[in-house]
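Colleague: Using the sequences and the hints given, assemble the complete structure.
Chains as they are written, first to last, in my numbering: chain A, 127 to 281; chain B, 672 to 995.
The set of hints was computed from the structure by calculation and includes no laboratory data. None of the values given here were measured: they were computed from a predicted structure. Just so you know, not all the hints are guaranteed correct.
Derived EDC-like pairs: lysine to aspartate or glutamate, alpha-carbon spacing no greater than 16 Å straight-line [claimed, not checked]: (1) 803/B with 789/B; (2) 864/B with 826/B; (3) 231/A with 685/B; (4) 697/B with 243/A; (5) 190/A with 232/A; (6) 190/A with 150/A.
Stretches of chain A that chain B covers, calculated by requiring three or more beta carbons in the stretch to come under 8 Å of a beta carbon on chain B [stated by the list, open to error]: (7) 213-227; (8) 247-255.
We put the CB at the ideal spot given by N, CA and C, even for glycine.
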Amino acid sequence: MSSSLEKNMLILRSSDGEEFIVPEVVAVMSKAIKNMVEDECASNTIPVPNVDANILAMVIEFCKKHDESEAEAASDLKTFDSEFVNRGQEALYDLITAANFRDVKELLDALCQNVAEMIKGKSVHHIRIQFLGYQLFEILTSNFIWNIWCDRDFD
Amino acid sequence: MKATRSDFPILPQELIADILCRLPVKSLSRFKSVSHSWYSLISNPHFAQTHFTQTTNKKPDRLILISDSHTLFSVDYAADSPVATEIHFPSVEDESYDVWAEILGSCNGLVLALNESDVAMYLLNPSTRESKKIPESPFALNSVNACNRCGLGYDSMSDGFKIVMLSYYDGGVDEESGATTETNTIVSVYSLKSDSWRKIQGSSYLHCAGDPSGVYLNGCIHWQALRGSDYISVIVAFDLGNEVFWEFLPPPLVTNAVLPWFYPPVLGGFLCLPAYTDVWVMKEYGKKESWTKFSFCKREDISTRINLVCLLEDGEFLLSRDEE
Numbered sequence: 127m128s129s130s131l132e133k134n135m136l137i138l139r140s141s142d143g144e145e146f147i148v149p150e151v152v153a154v155m156s157k158a159i160k161n162m163v164e165d166e167c168a169s170n171t172i173p174v175p176n177v178d179a180n181i182l183a184m185v186i187e188f189c190k191k192h193d194e195s196e197a198e199a200a201s202d203l204k205t206f207d208s209e210f211v212n213r214g215q216e217a218l219y220d221l222i223t224a225a226n227f228r229d230v231k232e233l234l235d236a237l238c239q240n241v242a243e244m245i246k247g248k249s250v251h252h253i254r255i256q257f258l259g260y261q262l263f264e265i266l267t268s269n270f271i272w273n274i275w276c277d278r279d280f281d
Numbered sequence: 672m673k674a675t676r677s678d679f680p681i682l683p684q685e686l687i688a689d690i691l692c693r694l695p696v697k698s699l700s701r702f703k704s705v706s707h708s709w710y711s712l713i714s715n716p717h718f719a720q721t722h723f724t725q726t727t728n729k730k731p732d733r734l735i736l737i738s739d740s741h742t743l744f745s746v747d748y749a750a751d752s753p754v755a756t757e758i759h760f761p762s763v764e765d766e767s768y769d770v771w772a773e774i775l776g777s778c779n780g781l782v783l784a785l786n787e788s789d790v791a792m793y794l795l796n797p798s799t800r801e802s803k804k805i806p807e808s809p810f811a812l813n814s815v816n817a818c819n820r821c822g823l824g825y826d827s828m829s830d831g832f833k834i835v836m837l838s839y840y841d842g843g844v845d846e847e848s849g850a851t852t853e854t855n856t857i858v859s860v861y862s863l864k865s866d867s868w869r870k871i872q873g874s875s876y877l878h879c880a881g882d883p884s885g886v887y888l889n890g891c892i893h894w895q896a897l898r899g900s901d902y903i904s905v906i907v908a909f910d911l912g913n914e915v916f917w918e919f920l921p922p923p924l925v926t927n928a929v930l931p932w933f934y935p936p937v938l939g940g941f942l943c944l945p946a947y948t949d950v951w952v953m954k955e956y957g958k959k960e961s962w963t964k965f966s967f968c969k970r971e972d973i974s975t976r977i978n979l980v981c982l983l984e985d986g987e988f989l990l991s992r993d994e995e
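Modeller: In structure tokens:
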């Protein structure tokens, strides 16, 4: 397959073994991949561990859009970004982890902004349960004083 | 609340910081109580600095004004139809004390104001409604005998806010004791971090002219003053990092005239001086050659003095003028 690969195309392989053919300009929007390509330590197929096919497809979609729309109006791209990041919590966290790990700055920016918007008006209690669910143990065992804000909702 | 997944991905600390950096101050002060790690992250001075630079890349969009009834108002002038809303500070000890005489300075979103009731200075944060009473400077002189000037600024070297108090007094012979005193200016600096005043070397300028509240820009607080040696009107800058004074000349032709002092003079990061129907803008900070004159109106029927209020989008100014 790699022999018939067009020039300037790369294959990205997700953690669950699925392969995606993407233009090099799109793939190198990930700094981590860019470094691999520049150091020539990548063959045509680049493994992307920790990122499954589902998430990898989303990241590629985002990068493609940003690559194509350089000439497009910034407002259009903004609309695309805000729609793109508008996903369930689970996908959102997987995307953030992938964008962080693969160092895709534009995507990470859009995602962090989205999370900030999401949690801006939430109560402390809400944040603890939803955003830091995994850290509940830490919170419960810490001697931090639960103050009156816990039960108030800010919406 | 539903049970959460146990395998929730753990976001690395730098990502949490990145997200929190985008939040308004109001949310941040609330989220300090989420957990130990969030508390220490938000309280970190480095985080505060990053947060400030990130959020102030936007133009300032709020004015803090004092009404005739001595209440503070906030005006969001970036809105389509700006409305003035009252701001009250519940943290001021006594509710009846929430009256203000004068705004003495502002810097990085904080306001230094003089309280009408107890004639003390308060440092106010209009975003969080927090307030802090500033202890009186033990070095400042009574305003009957001296000219007091003050200013608020941020010192990046010590990473903290400082308030500077200048007490200028005229020399002369004391009629009762016969002792002679020399004209001098006592300079004291308050640091918010240590919550204390400190006396430093005096200033050689005559701080008796112009507006009493200093203006903060570029790590320096600026006042109008006269040079001690030849009585020429200059703009004196106090460098908060090195705690030294330096000076530059006001625009040509405005020298020696009574300067209609800036109010408020920093617009979009430039030092400005309104002069009747013109405004002088110092395009390159500290370079007197860069004073540039902008004429606002050619209309001859407007003879009253104008004041600059703020810089709007597209380089427009918002002006106010005194009605006869």
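Colleague: Each hint: holds or not?
Modeller: Verification of the supplied hints:
no., hint, result
1, 803/B with 789/B, "13 Å, holds"
2, 864/B with 826/B, "11 Å, holds"
3, 231/A with 685/B, "14 Å, holds"
4, 697/B with 243/A, "13 Å, holds"
5, 190/A with 232/A, "12 Å, holds"
6, 190/A with 150/A, "11 Å, holds"
7, 213-227, "holds (count 6)"
8, 247-255, "holds (count 6)"
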